[in-house]
Every structure is written in structure tokens, then in C-alpha cells.
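Chemist: Protein chains in written order, with my numbering: chain A, 1 to 83; chain B, 1 to 83; chain C, 1 to 761; chain D, 1 to 246.
No lab work stands behind these hints: they were computed from the structure. Being a predicted model, the structure only gives us computed values, none of them experimental. Mixed in with the good hints, there may be bad ones.
[As the list claims (entries may be wrong)] Using 20 Å as the maximum straight-line C-alpha spacing, the simulated EDC-like pairs for lysine to aspartate or glutamate come out as follows: (1) Lys-108(D) x Glu-760(C); (2) Lys-404(C) x Asp-563(C); (3) Lys-11(A) x Glu-44(B); (4) Lys-41(A) x Glu-44(B).
[Claimed, not checked] Pair ranges (Cβ atoms, derived): (5) Arg-39(D) x Gly-374(C): 46 to 56 Å; (6) His-15(C) x Pro-70(A): 50 to 60 Å; (7) Phe-759(C) x Thr-76(A): 46 to 56 Å; (8) Gln-133(D) x Phe-759(C): 33 to 43 Å; (9) Asp-46(A) x Gln-133(D): 38 to 48 Å; (10) Gly-33(B) x His-749(C): 33 to 43 Å; (11) Arg-28(A) x Arg-39(D): 46 to 56 Å; (12) His-23(D) x Gly-617(C): 47 to 57 Å.
All C-beta atoms, glycine included, are put in the ideal place defined by N, C-alpha and C.
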Amino acid sequence: MARVVVDVMLKSEILDPQGKAVHGALGRLGFEGVASVRQGKRFEIDLAGEATPEAVAEIERAAGTLLSNPVIEDFTIHVEGTS
Amino acid sequence: MARVVVDVMLKSEILDPQGKAVHGALGRLGFEGVASVRQGKRFEIDLAGEATPEAVAEIERAAGTLLSNPVIEDFTIHVEGTS
Amino acid sequence: MSIDTVKNAEVTPEHPQPWAELGLKADEHQRIHDILGRRPTSSELAMYSVMWSEHCSYKSSKVHLRRFGELAQETATGKLLAGIGENAGVIDVGNGYAVTFKVESHNHPSYVEPYQGAATGVGGIVRDILAMGARPIAVMDPLRFGPFDAPDTARVLPGVVAGIGGYGNCLGLPNIGGEVVFDPSYAGNPLVNALCVGVMRHEDLHLAHASGVGNLVVLYGAKTGGDGIGGVSVLASETFASSEGPAASSRRPSVQVGDPFMEKLLIECTLEMFAERLVVGIQDLGGAGLSCATSELASAGEGGMHVVLDRVPLRDSSLAPEEILMSESQERMMAIVTPENIDRVLEICRKWDVDATVIGEVNDSGRLTIDWRGEQVVDVPPRTVAHEGPVYQRPYARPSWQDKLQAATPDVLARPSTGAELRATLLQLVSSPNLASKSWITDQYDRYVLGNTVLAQPEDSGVVRIDEESGLGVAVATDANGRYTKLDPYAGAQLALAEAYRNVATVGARPLAVTDCLNFGSPEDPAVMWQFAEAVRGLADACRVLGTPVTGGNVSFYNQTGDTAILPTPIVGVLGVIEDVSRRTPSGFRTPGHVIYLLGETRDEFGGSEWAHVVHGHLGGRPPLVDLDAERVLAGILVDASWDGLINAAHDLSDGGLAIALVESCQRYGAGANVRVPDGLDPFVFLFSESQARAIVAVPEPQEDRFTTMCSTRGFPHVRIGEVGDGGNAGPALSVDGLFSVPLDDVRHAAEATIPGRFET
Amino acid sequence: MRIGVVTFPGSLDDRDAARALRHAGGEPVPLWHGDADLRQVDAVVLPGGFSYGDYLRCGAIARFAPVMGPLIEAARGGLPVLGICNGFQILCESHLLPGALIRNDHRKFVCRDQRLRVENTNTVWTSEYQAGQEIVVPVKNGEGGYVADERTLDELEGEGRVVFRYLEDNPNGSYRDIAGITNARGNVVGLMPHPEHAIDTLTGPTTDGLAMFRSCLALIMGDSWSTAARNHESPVINAEGEGVRA
Ligand SMILES: Nc1ncnc2c1ncn2[C@@H]1O[C@H](COP(=O)(O)OP(=O)(O)O)[C@@H](O)[C@H]1O
Ligand SMILES: [Mg+2]
Chain A
1 MARVVVDVML KSEILDPQGK AVHGALGRLG FEGVASVRQG KRFEIDLAGE
51 ATPEAVAEIE RAAGTLLSNP VIEDFTIHVE GTS
Chain B
1 MARVVVDVML KSEILDPQGK AVHGALGRLG FEGVASVRQG KRFEIDLAGE
51 ATPEAVAEIE RAAGTLLSNP VIEDFTIHVE GTS
Chain C
1 MSIDTVKNAE VTPEHPQPWA ELGLKADEHQ RIHDILGRRP TSSELAMYSV
51 MWSEHCSYKS SKVHLRRFGE LAQETATGKL LAGIGENAGV IDVGNGYAVT
101 FKVESHNHPS YVEPYQGAAT GVGGIVRDIL AMGARPIAVM DPLRFGPFDA
151 PDTARVLPGV VAGIGGYGNC LGLPNIGGEV VFDPSYAGNP LVNALCVGVM
201 RHEDLHLAHA SGVGNLVVLY GAKTGGDGIG GVSVLASETF ASSEGPAASS
251 RRPSVQVGDP FMEKLLIECT LEMFAERLVV GIQDLGGAGL SCATSELASA
301 GEGGMHVVLD RVPLRDSSLA PEEILMSESQ ERMMAIVTPE NIDRVLEICR
351 KWDVDATVIG EVNDSGRLTI DWRGEQVVDV PPRTVAHEGP VYQRPYARPS
401 WQDKLQAATP DVLARPSTGA ELRATLLQLV SSPNLASKSW ITDQYDRYVL
451 GNTVLAQPED SGVVRIDEES GLGVAVATDA NGRYTKLDPY AGAQLALAEA
501 YRNVATVGAR PLAVTDCLNF GSPEDPAVMW QFAEAVRGLA DACRVLGTPV
551 TGGNVSFYNQ TGDTAILPTP IVGVLGVIED VSRRTPSGFR TPGHVIYLLG
601 ETRDEFGGSE WAHVVHGHLG GRPPLVDLDA ERVLAGILVD ASWDGLINAA
651 HDLSDGGLAI ALVESCQRYG AGANVRVPDG LDPFVFLFSE SQARAIVAVP
701 EPQEDRFTTM CSTRGFPHVR IGEVGDGGNA GPALSVDGLF SVPLDDVRHA
751 AEATIPGRFE T
Chain D
1 MRIGVVTFPG SLDDRDAARA LRHAGGEPVP LWHGDADLRQ VDAVVLPGGF
51 SYGDYLRCGA IARFAPVMGP LIEAARGGLP VLGICNGFQI LCESHLLPGA
101 LIRNDHRKFV CRDQRLRVEN TNTVWTSEYQ AGQEIVVPVK NGEGGYVADE
151 RTLDELEGEG RVVFRYLEDN PNGSYRDIAG ITNARGNVVG LMPHPEHAID
201 TLTGPTTDGL AMFRSCLALI MGDSWSTAAR NHESPVINAE GEGVRA
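Based on the provided sequences and hints, a complete structural model is requested.
Modeler: Put into C-alpha cells, the structure is as follows:
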């Protein structure tokens, strides 16, 4: 049984209110030296079978449609352990 | 300038409605063979300076207090590229 | 990096510029040269191109919208405190209170990114209201979607609804009403209109003026990023070798992500500035961002302003000056402040954790000048950017198919007659997407926050209290029927006003004023332009009769795919005042034994009706008769009867006619009703006709005489059609004597299963 | 009776909580998130809203606001604290109450009138209710699903610390239909539904929410509860719910 991980982040030029809020909070809590924070989504998809190229391709398709909106988000996909 | 990544996932015993929904949607898109889906958060933290052990330790502390709630979530941390 | 400065523009007249790519016509481009006496700099070109766009300049609609300006600028409570031309109209509602309201569209972005598109639509209209000096107190959301069963509708609707809720709920603004309508013509062109209501004391009224030489220009709120400058980025790319070269255009998203939290801080800190009288003039940053705010403030004020662009806090340091000027980054405001008050203003912003920067100064040069990296990149007469844009006389013509459409009357359609058929028709309509319960949607909206919501969905109007002492409140309703408007644009727009006006009166409020969002296809299509011209003419004429001025609104063109335009959809919002909200009339039947009256005249009218649409998929004939005098008398009766405590429930008749109104009034609190068909009326017509100027009311028996006398003396048709019933041990039901009876449980199931059944995942 | 209402950036129902306190006969005292000062109040309400936009996790950032320092300490010492919706989330994030609140199981914001049962009337905030009383109060949240591990849930049930339970249908997937809980001592109560929106039938579905604020006021007035609280003594609450000295 294999795990495919899809990370979805807002495009860098798009405002990320959540990351902004976290950055601010880190500052108030005295965590210095942070230049910027971006917050995104992480999907851990466990497959019943193996992570065949077909399976991964399928998930890649879903990642570009269901899991992210290409207009504002980018995604990266990797099979766990082989990131 | 280094990037530290913190991944936060709900503990396995906590119900994950979003993961469940994605799982269902994948099914409806005709994609079989998914055993389970969990949705979590990914934080990309860019440091002003290098990812010194001290800096990373600091972020780790933040991850355990601010970025995740130990009652319901686990986190993993890695310096980009060295995951 | 090379900057296209004014000096540079003077010496390089031949320098090629992408004015066409920016949507400027050759003559418009020439006009800019004539105004400036030279070619524009890239920054100036960007400003003119976006400010002269359809969206900002209303160049296609201006000549028609003038009709609204010709209406008497006063309501039943006196002169408008502000009217068309300001960010939003302002109406005196007594006790020293004024309210402002406006509806705006965010259609296209909501199709591209449903959640963020709808969310930023709410954010934009809320800033408009805030910019008038008012505290925003409620929002509404008239929506239109493609076919109920289309896969894309399942993508767009849930996202739009979540976005409106996500932003409005997080701002702490109750959602008090709206509409959800499905029609194939909206496939690819969903309509997401957002309305906001605000309240202020008269003395708090603020206008977008930059007056007072030496006063400071303060930009506060979110940092400026590359949001929503799609078209403009050609400027930042190839043609003008700016910082990042050809990549630019692709890097510039045309969709923005909203930050409701920042907007909430913006509201609180702006209201604190108002309260301390620290603001001379204020303007929100919406479409066209800084270009719009600076040029409009300057041209409405002393006429001159100097801005140092380098001072604008940036989210993306690679932005070129023209991009900074165009950026539509959300959650930003611009205030004009005297030097004495600047420290206090900055202090308030700090308190709320809001970035604030002095970026310029008001002067009397009569020019808007902007510097970048120590050099002048803009030097223009602000009026020519903001108020003297091009004006088109677009050709319009009644489309050839209009006659055929009107000739295809619904008279030929098979009608139900037996009790069983009528019962089946009722259930079919109740469960149809446009009439089914919208609670799956409206339950995603907070209607309680602020603690002043007296009525909200599914009532006929939203009602909010604005003064806890006196109980003074306002009621707002929005309506539009695209099918009626397609059949007859002039009448259709009037019917939209009539229904909204009626909905406001139905809850016991006196209708005062109008805002509108005119959603149409391409103005370059003469048929569409004709629909638009007719709708505006119809709306203006009806407003004159009803004494309700249009205080402001918005035009959304180009809602079409290929050559097929959406149904012409003039969304009309009506605002009314109610002196004591505790006197409001809810729509639900409560008390068994109360007498049910049908007010108004019922005719055989099914053109554009919900019945023809749902049962026969038919659209043809003429819409119901417009009778504004009847609407006026009916409204008077509903308002006075509510004030005198003669009625304890009222519901207006609209889509689906009496049958649907009865069902809704029964559903509200689970009371039944027994009704009889009045003599001489065909049961089908009685139940499903969509004749206008009608309502049902529940009258406590002791009040019956006084009520009927009120109607008679005003010569208004009223007929007792039945009583509110307890249903006995069989459980509450809606019964039509001698024809059929439906248990409310069956009705509820039919009404409530439809929407969740489609969108619940 | 001075009861503090904390305003965080993004608090929304703070005015409403203050209004409810006035209706109940109390004197609301505004507290600012940035001031580590409770202004000698007799009790505190953490109102609903979206503090810090509810970004990251609801209440996660507010928990670290300056005002929370003295508040957490005083609450541990017995100061009556009521957390409504976002306030409940903040109390959980601060570990003044166990468990956490996550995204609703149906993943939508939900706003509706909700029937609840009052399961415990021996808290500072519920003494004016009848045991087992059913009330209707608006619920409005996007992340109101109460979760905790089995041990914690059993403990809460065992000690009678479930204060409110959802009846009819559970609006957010909360484990064991839990709508509100209390700490062992009964002075800190958190719930997702909004009692401050059920104080008159003009703007709310019922007046069932008033008793929650009256309960606290009754205790403060009825006895030297407030002094006890300030002196961080642990008062005992008898069946009638009046605070009496141990
Ligand atoms: N998108 C929406 N947002 C908020 N309220 C809505 C929405 N759609 C419908 N409603 C509410 O549902 C109720 C019924 O809508 P509708 O049938 O269009 O009312 P009417 O026919 O009286 O104009 C009204 O209270 C309306 O405000
Ligand atoms: Mg109505």
C-alpha cells in the first residue's frame, strides 16, 4: 500500500491571509528571523494498491482539478518516501 | 535564505471531514483504488538567515505550540530539500 | 530598469504603445494625446485605459442612466442626502439617522474562482458603504446560476455560497436576504450580485472629496500586490521592458483572494476615525485601485494632488509603477486628512494593526502628478481620467424575434383541472429548483450577528433595527425576473421594482428608495442594447410613479457566451423604513382561526410564469400586467394595517402565485390553511396565476371589520379565501375546498429535498 | 455587577454579549485583547466571532493575546468565565477546557435555531436552568465539531461536565452531541451555541439564553462569590446553584 502526497499552495503573487496571520503571531510570540510564511494544504492519499505510474497520473489529474484551482494555486505531487 | 516546512495532520483517531469528502469526490470522479485521504496543513516558513540547528529548534517549538494543537494534531518538520 | 517618465514621453512621441491590447479604441487613444498634448506615459496610459473601461466609465450606459438622474432626488422622508455619482446613495430615515445601500456585481470573477470571486464581491460593496461614513449593518446576495443539473453548477454554486458566507460571516454582517434562480442562460455567466446596507448619523456623512490644500493623502489597509491587473500587465511586459520582462503578464492573476479579517479591522478603524471627525474625505479602493481613488478624489475636490508612488507599501517589490496604479488588491482605503489630525489617524491604525502611509498631498495645481523613483510618471488633469471618459451612443434595435416570442402565448399549454392534477402541479412547483426551499444555502449565512436582525430569509424582506431606543428600522428586498424581462424589458424592469417594493411593504415598511444592478449581455449587440435601454426607461418611469428615486447601482455588461446573452436581469433593491420594528409583519401563519384574505385582482396571466417554465419548459407571451397604482394602494394597506395591528401575517404573491405563497406561509410555523376558490374564478388561475399587486394576509377575527373597511374605503379588491387551520389530529395540511388537501409534511419534504439533494456531497 | 467582555481583533458578537448582559441586569465592561488587565471584573465573557480571522485554527492566535495571561490565571483561581463559540474555541486552545473544535462534519458554516438540553445546572453559568431543561438557542459556526479522545470524553461524562447537549440533529458532528462543557470546578464554561442571540423574541428565536447570564449574576450578587473568585478560593456550588463558602 503506497501513499501519494499532494501539496497545494497559493501562487506566490497571490495574497495569503493565513500565512500573513501566522507570520504576525510568530512575531508577537518572539520567534525572530522569519522572513515570510505561506500556509497551504497537504493531502495524504493512501492507495489500496501500488503507486503505479497510472495511479499517480490519475491523482495528478485530480490534483489539478479537484484539489486545487490553477487560477490561484499550484500543487506538487510525490510518492511518500520518494519526495 | 533557508526554508523550513512544517506539515500538520489531524491525529488518526480524529475524524477528518475534509479528507473524507475528498475521498468521496475522488470516487465520484471514477477514481478507484484509494484507501483513505487525510487533509492537513503545510506551512512554508522562509527564514531570514540560515537553517541553523537553533533556528530549526525555534520553529519546532512554534510548531508544537502555535502551528499545531497537540490535542488533535501531529506535526513533522523538515528543512526544504532534506525532507 | 527603464521608467517611462513624462520627460521621456515628450521626447519619444513615436514610441509604440499597446493601447489596443488595453482595450482602448483608436479615437480614445487619440483623445488622450489631445488632452495631454503628447503621448501618455505607460502609467498614464494604464490609468486612462482602465478608467475609461466599460466597468469604470459606464461609457455604453451613461446616456441611458441619465434617466435616473432626472428623477426627483427626494423620498417620502425628504431630500436624498447623497445620490447617484457618490459611492452609494444616502437616505434620511428620521431621528437623525441616515441609511445608505447599494448593490453591485462580481459576476465574472465568481465564475473563474467561485469562492474568492463571491467573497471579494461582498468585500467590495461593504467598502463602498463604509466610504460613505456609515457602519455596514447587513448584506444580501441576489444570485443566478446555470441549469440546476449542469455539472458546472455543482462547481459554481457551492463555492459562491461558501464565499459569500465566508466573507460576510467573518465580517460580522448579517445576511438578511437575496435570491437564487436557475436558468440555462446563466451557464458560463453566473450572476453574483451583492448588496450592503449601512447606517450613520446625518453629521457623519462623508463624501469622496480631496479638499483642503496641504491636506494629506493616507493609504491604509492591505499592502499592494499584483492582484487583478491582468490586462494592464502587458504594459509591464514586452512592450515596456520593465523589471521582469515577458513573464509579467502570465504572472499577474486576474482573481484576487480576499482577507475578511483585514476588512473587519478596516471597518473598525475607519469608524473610529469618523467618530473623532478626523477625515476630510474618503474613498475605497475597488476596481482600478489607486488610479480610481486618486483621480476621483482629486477631481471631486480642490482639483490637484501629488502622490509619491514609492511610498505605497508593496507585497511584491517587483511591481512596476503602472502595475501599482492598476492593482486591485483588496481591503484598502484612502483618506484625506489635515496635518493636525494625521498623528491621531496613524495612531488609530496602529491600534487596529492596520498599515497606514501618507503617500501624497492635496494641492490646487489642477493636475494629478505622480512620482516614481524621483521622476514624474503621471501629470494629468484628474477630471479627464475620472469623469470625462468617452460616452457612446450604442446602436440599439428591437430584435426581430421579439414579436414571435410575444406571439407564442402560454394559452396553448395544457392546464391541470381536477383536484388530483392541481395537487400534483402544486407539488411539482414546490419542489422545482427556483421555488424549492433555499435553506441549504441561507443556513450558511449568519443572520443573527449584531443582534438587530428582526426578519431575514425566508421572509419577504430583511428587516434590521437601527435604533434600540425607538425601534426604528429598515427593510430591504431585492428582486428581478429575467423571463418577464426577456418577454418585455420595459415591463420586466417595472415588475422587478414592483415586487421588491411590494416585498418591503409586506413586512410593514414604507418603501423609500431604489438601488439596482443591471446585468445584461454585450452592449455591442443592438438587441441587448435595446433590452438595456428599455429596462432603464421602464425602471425610471416606474420609480417616478412610485416616488422612489434610484440612489445608485451598477451595470454589468458582457454577460454572454458567444452570441447568446443571459436573460436580461435588472436586479432591483428597494429600501423602506419602519418606525417601530416590533410592528413588523412576518410571513408565516401562526394562529388557527385567523382569517385569510387575498388582496388584489387575479387575472389569467401565465406569460413567463413559473408554471409555464417548470411544467412545459415554455417561455412566451407577455408578462403579467404592470399596475403601479394598485401596487401603491396595496403597499399603503399593508403598511397601515400592520401599524394598526389589523394583520398578524402577510406574504406577497410572486413566482408560482397564490399556491406557493400559501405553502410558504403555512410552512413557516407549521400551521395549516383551508381555502375556497372564490366564485367566478377558475381554480387553476386562482392557484397559479402570477398577477401582480397581490398579497395574502391573516386577520384576527376581531379585526376583520376594520380591515375590510380599510380595503373598501381605498377601493382595493379583497376577498376572504379561508382560515388558518390547526389540521386537527391528521396534522396540519393545506386544503382547497372540494379539490384537494396536502399534508404539510409532504409539502415540506418536496420543498426541502431539492437543493440539498443536488449539492450536498 | 461588572462582567468583562473581551474584544479581540475579529471578535463579532462582543456588542451582542454586552447587550445580553445588560438585559440580564449586569454591567458589561469592555476588555481589550492588548491589555493584560481584567479591570477588577467579577466575571468574563469571551464572545463569538472570528478572532484573527480564525486563520490557522479558531482561537489559536487569540489564545496568546496579552489579556489571556491574567485571564487564564484568574480562571484557574475560580473567576467565572463563559466562552461562546469562538470564545469556547479559545478556552480549549488555552487548555482551560479539554478537547478541541474542528471543521463541521458537513464542511459548511451552519446558522440555525438549535434545541439543546441543559445537562448540568451546577455551574456558575447554568444555575438558573432546571436540570434537563430543553432550550432553543441559535447556533452559527463553521468549526464547531467538538472532539476529544475517548478517555477525555468518558471523563467528562463521568464527572457530569457535559453542560449542554444537541438534541434532534447534531449541527456539526460533535462527538457525543456535546454542545458545551465545564471545567471540574464549574466556573469555566464553553459552548458553541449563542445564548446572547436568544434574549428577546424580536431578534432571536427565544429568551432561553438570558438564564445563562442571570445565573452568573445571581451567584455574584447572591453571595460573596466574586470576592471568593478574586481571592482564588474555591467556592462550593449547592443544588440551587448559589455560591456558598466552603
Ligand atoms: N442567496 C440568498 N441569500 C439570502 N437569502 C436568500 C437567497 N436566496 C433566497 N433568499 C431568501 O429566500 C426567501 C425566498 O426568496 P424569494 O422566493 O426570491 O422571495 P420573494 O419571492 O419574496 O422575492 C427570501 O427571504 C429571500 O431573501
Ligand atoms: Mg416575496
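Chemist: For each hint, tell me whether it holds in the structure or not.
Modeler: The hints, checked one at a time:
1. Lys-108(D) x Glu-760(C): With a Cα-Cα distance of about 10 Å, the restraint between Lys-108(D) and Glu-760(C) holds, given a limit of 20 Å.
2. Lys-404(C) x Asp-563(C): Distance ~19 Å between Lys-404(C) and Asp-563(C) Cα, so the pair holds.
3. Lys-11(A) x Glu-44(B): holds (13 Å)
4. Lys-41(A) x Glu-44(B): Within the cut-off at roughly 11 Å; holds.
5. Arg-39(D) x Gly-374(C): 46 to 56 Å: holds (51 Å)
6. His-15(C) x Pro-70(A): 50 to 60 Å: With a Cβ separation near 35 Å, His-15(C) and Pro-70(A) fall outside 50 to 60 Å, so the hint is violated.
7. Phe-759(C) x Thr-76(A): 46 to 56 Å: violated (30 Å)
8. Gln-133(D) x Phe-759(C): 33 to 43 Å: holds (36 Å)
9. Asp-46(A) x Gln-133(D): 38 to 48 Å: Check passed, 46 Å falls within 38 to 48 Å.
10. Gly-33(B) x His-749(C): 33 to 43 Å: At roughly 37 Å between Cβ atoms, His-749(C) and Gly-33(B) fall inside 33 to 43 Å, so the hint holds.
11. Arg-28(A) x Arg-39(D): 46 to 56 Å: violated (22 Å)
12. His-23(D) x Gly-617(C): 47 to 57 Å: Taking Cβ atoms as reference, His-23(D) and Gly-617(C) lie about 53 Å apart, which means the hint holds.
In summary, the numbered hints that this structure violates are 6, 7, 11.
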